[in-house]
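Chains A and B, in that order, give the protein sequences.
For the record, in the first sequence the residue sitting at position 160 is 160 according to the numbering used here, with numbers rising by one throughout.
For the record, in the second sequence the residue sitting at position 234 is 234 according to the numbering used here, with numbers rising by one throughout.
Treat the hints with care, as some may be off.
As the list claims (entries may be wrong) - Coverage of chain B stretches by chain A, computed from C-beta distances (three or more under 8 Å per stretch; other residues unrestricted):
#: 1; stretch: 41-48
#: 2; stretch: 175-189
#: 3; stretch: 195-207
#: 4; stretch: 229-236
As the list claims (entries may be wrong) - Partial pick of chain A residues on the chain B-facing surface, computed with a CB cut under 7 Å:
#: 5; residue: Lys-80
#: 6; residue: Gly-103
#: 7; residue: Ala-124
#: 8; residue: Ala-366
#: 9; residue: Leu-370
Just so you know, the hints here were simulated from the structure itself, not pulled from any lab data.
None of these values were measured; they are calculated from a predicted model.
Glycine included, every Cβ here is placed at the ideal spot set by N, Cα and C.
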Amino acid sequence: MKNAVKKFVAMMLAGVMSFSLMACGSSGSGAASSEGAASSEKAGKNCTIGVAFYQDSGLATTAAKAYLDNMSDTLNCKFKYTVLSQTDEGVNLTKIQELIASGVDGIICTMDSGTAAIVQECEAADVYIGGYLCDYDISYTQAYDAVFKNDHFVGTAIDGYAPDNVIVGKQMFESLLEYNERNADAPITHVSLAIFPVWAFPAQTLAAQQFIAEVDEYNKTADVKITCDPLNEETDVLAFAPMDSTYFAKHEGIQAIMSFAAGTGFVYPVMVQTGNDKNIKLFTTGFDGGEEKNFGSAGTGTYQQNCVTAVESITYPLVLLLNKINGVEFKDQPEDAERVSCDQFIMNSDEDMTAFEKNIYFTANASDALFTPEDVLNMTAYANPDATYEQLKKACSTITIDSLK
Amino acid sequence: MFSKAFFKKHVYDIAAYAGLTATFILFLIFSGENLSYNVGTVLQAASAYAILSLGAVFVYSMGFMDVSIGQQIGVYSILMILISNKMGGTIAGVILSFVVILAIALVCGAFNGAVAVWLKLPSIVTSLFLMFFFTGAQLLLMESTGNNTISIEASIKPSSRTAYNWIILAAIVIVALVVTFLFNYTKLGKYTKAIGANEVVAAQSGINTTRWKVIAYMTFGVCVAIASFIMLMRTGTAGKGTGGGYAMDVMICLILGGMPLSGGMVSKVRSALIGTFTYVLLTNDLTTMGVELNYINFVKAIIFIIIILITCRKNNGVLPR
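Bound-form chain A, shown alone:
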């Protein structure tokens, strides 16, 4: 009996601790408090928007939360966050249902997983939903009518380019040329590629093919030709696991790896393990934090290109959701929801990285964002009758590293 009593006391104490933590969590999002509703009449209805991220941490998630929470008072909008499963459609539907049950008026969702069922659920609950950092290609190709034609789906801002509008391969090649111009005495003339499987990310295979085509075109007139190893199915297609160390034996003599897959997590660690981080350069999509220490002329100088999508592009679904919640639309609003390809921050030089380090993506400080809360409010149709869809689309899709300089 004594032991049982001890167990209950332990349970009570730990329970108090747990719920104190929960309280901390709730009060921690002070910026999302409805008490600070904007005094401006333009601020629109008091509302709540749920944001379902694909991961619970990381630079992009932290920065997006800082960006949104800072706008809470001005937009008269609270934000609630949840994390989706990267594998299970059922769990994702449950997460969206939980957000709806918690009283949200709109949802920003970062994954295309079970979307038709999710949009159907949102429509039944009269909750609007938009996308961010996701091309919604599965829905676009398999369930266009159920998703993109649904009045409750407002569209998505893609992290990069839609699969039917791939230019990443071209951009990667331009980064390589830029490097070679800066290092004319020791240009990179032999490269290899890394991608994720085509069934998961078809756009990456297209980008790799585009890169190879750019190289071929360049070599027709170039004095110093560039060799690009053809894609090797065994080593170059990363099955969401770190690159195999035999990669370097298969691509002997390479001076750089052009990774369309997330190179920071899947390529760089293997380069370090095999000692290749000092003699091979890495051009890659993504930025997880810490790359700046070995970027350009810093450290080992392994990273020569990183690219990410601006956190500020979340403004696209946010404004469209706010319009819907406030019962207005842009005069030039397209009939079907769109997926908007977003330019990226492409860091090719020390100067680029210095500029990037001052942006909210890197600092997680809302005052470093390109758009102020007032800017975002002025993009809405209810606060600014002159605002247009095309202006919103342009503002969110054309943010580049030059925007930071």
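With chain A fixed as given, assemble chain B onto it according to the hints.
Quick look at chain B alone, frame taken from chain A:
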């Protein structure tokens, strides 16, 4: 009635019910005006877990576990979509696809139960084999489609949310009643508990332990097939990651409900339902309360360890077998 002896005897049950009650009270408070909607949400989210956990009672009561169910669910969902779509998205196609996965699930159950005995391996080893097998099969099937996710063409989900919720509820109730009957009133339940309590004694008492292990795993297989259908009915899609993590979730549900990992005579069917709804309500509460993302896993871990500390059966100060 509430003597010291009573509390001592029922401390584990009290703890399990206390967990469920606490999460339910928070659910009532934080659901607010969306209570009726949220009831449906919990019901839908709990449906697959509840049916899986109910089936798993037979396996866990023997002191065994099956780590392959997540991957099995993934493959079954994909197969149902492929088969029914191939048959033009007809109801006949859906029925045929379910019969096919039911047959595979029964074979896998028999494999899990029998091979472990014949080769004298711990049952978890055979389920590990199946897990790897189904992981490979799931990836190959998805690669063959050339897509990340595929959708079922047949309409298997009622358009009315209310009707759908009633179907889900009916499915849980029917499976719970059948499992309760089998576990409490037939040889299957008595023998699986006896195997969990002491397999050697059970065998020396004349129980054909091999036979009942196979039957227990096959019964679980039926529940895995039903849960796969319930999941597919809900989302209408399946992909390379469908089902991932379900083996661990089912284990968590059963432990939260007071099921001892060592199995034995104290195993109860209600552990499955109590644990499932505690688990689903807890997750729901954390979202509706607006708990910070960074704290959610931490809070879950604390609550989980509290319940484990209370409900685990110690044997001379040693954690369960």
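Each hint tested on the structure:
no., hint, verdict
1, 41-48, "holds (count 4)"
2, 175-189, "violated (count 0)"
3, 195-207, "violated (count 0)"
4, 229-236, "holds (count 4)"
5, Lys-80, "5 Å, holds"
6, Gly-103, "6 Å, holds"
7, Ala-124, "6 Å, holds"
8, Ala-366, "17 Å, violated"
9, Leu-370, "24 Å, violated"
Consistency with the previously given hints fails for numbers 2, 3, 8 and 9, ordered from lowest to highest.
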